[in-house]
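Q: This is what each chain is made of:
2 protein chains.
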Amino acid sequence: MSTKENLAEAFAGESQANRKYLAFAKKAEADGLPQVAKLFRAAAHAETVHAHAHLRAMGGIRSTVENLKEAVEGEGFEFQKMYPPFLEQARAEGDRAAENSFKFALAVEEVHHGLYQQALSAVEAGADLAERPVYVCEVCGNTVYDAAPDKCEVCLVPKERFTLIG
Amino acid sequence: MSTKENLAEAFAGESQANRKYLAFAKKAEADGLPQVAKLFRAAAHAETVHAHAHLRAMGGIRSTVENLKEAVEGEGFEFQKMYPPFLEQARAEGDRAAENSFKFALAVEEVHHGLYQQALSAVEAGADLAERPVYVCEVCGNTVYDAAPDKCEVCLVPKERFTLIG
Ligand SMILES: [Fe+2]
Ligand SMILES: [Fe+2]
Ligand SMILES: [Fe+2]
Ligand SMILES: [Fe+2]
Ligand SMILES: [Fe+2]
Ligand SMILES: [Fe+2]
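Protein chains in written order, with full-length UniProt numbering: chain S, 1 to 166; chain L, 1 to 166.
Careful: at least some of the hints might be erroneous.
If several chains are the same, the list does not tell them apart, and a pair holds so long as it fits within one copy or across any two.
[Stated by the list, open to error] List time: in silico SDA-like cross-link candidates among lysine to any residue, alpha-carbon distance up to 25 Å: (1) K81 x A97; (2) K69 x G126; (3) K27 x D128; (4) K103 x G59; (5) K151 x R56; (6) K159 x A8.
No lab work stands behind these hints: they were computed from the structure.
All chains, full assembly: derive it from the sequences and hints.
A: Structural data, given as structure tokens:
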């Protein structure tokens, strides 16, 4: 394989290791093993350093306009092409956990697609977006401006389950 | 594809989207676009929700002993099997950025492999690791107990480039 392909594979591996170790850290905390949890968090931080170094080495961080175009394309792929057949298959298998997970992600990627398109238009016109608070639902990832809704439109949890993004 | 395979692919996609969006957020800050940066951070947070939901749906979070075994295996694969040929290929292509990125990751995964083995032994013997501070090098990911070294053994930067993990 070429170095370009190797960087892509290494970025994929480091990205997934980071996410796993953060999940394993929470599990270790819940198991009453705070120092093991800290080790998982430390390794997760190191995998962030590796993932971002690989991403820079592959020229993956470009101008914000280019980055927004890539984000719009990625979100479009996920909600239009990737998640619909995944959702169908989970229903066919009767896997309710997977079905819910795919359903929430599909709905939220469509939201992200729209938000990134607005941001792209603003930056192409030479301006930042207007300053507004952004909230994210901890259950489905729903991403909304200004205020958390009384009930999440995607997964129906109450507004207390939303986090304000700093 | 089966739902099991679809969950693995969706987890890989969500994990990489999160890492990209965090990198794009830093670039947007540097470009003087703080609200676009905030949108990238919000979407990154949402992709964390998705990645962890998919990981739970695929049964990917088990007991801490099982999680540590998976971590030991993953780190072993990376430093013994994955990174050595990647490093060779980068040298053959004369790609210095990739060479450095692979070299640092290879060295640090070997460190992680040892640290996770110690943790596994402790937890298998029924105890947490002893409480100690953990520091991570922001340049190479080197992960050390107790204190940052005067000079990073892996990438040679001074101790100021280490971060204490909370
Ligand atoms: Fe790594
Ligand atoms: Fe998204
Ligand atoms: Fe929600
Ligand atoms: Fe997502
Ligand atoms: Fe590692
Ligand atoms: Fe270092």
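Q: When the hints from earlier in the document are held up against this structure, which numbers fail?
A: 6
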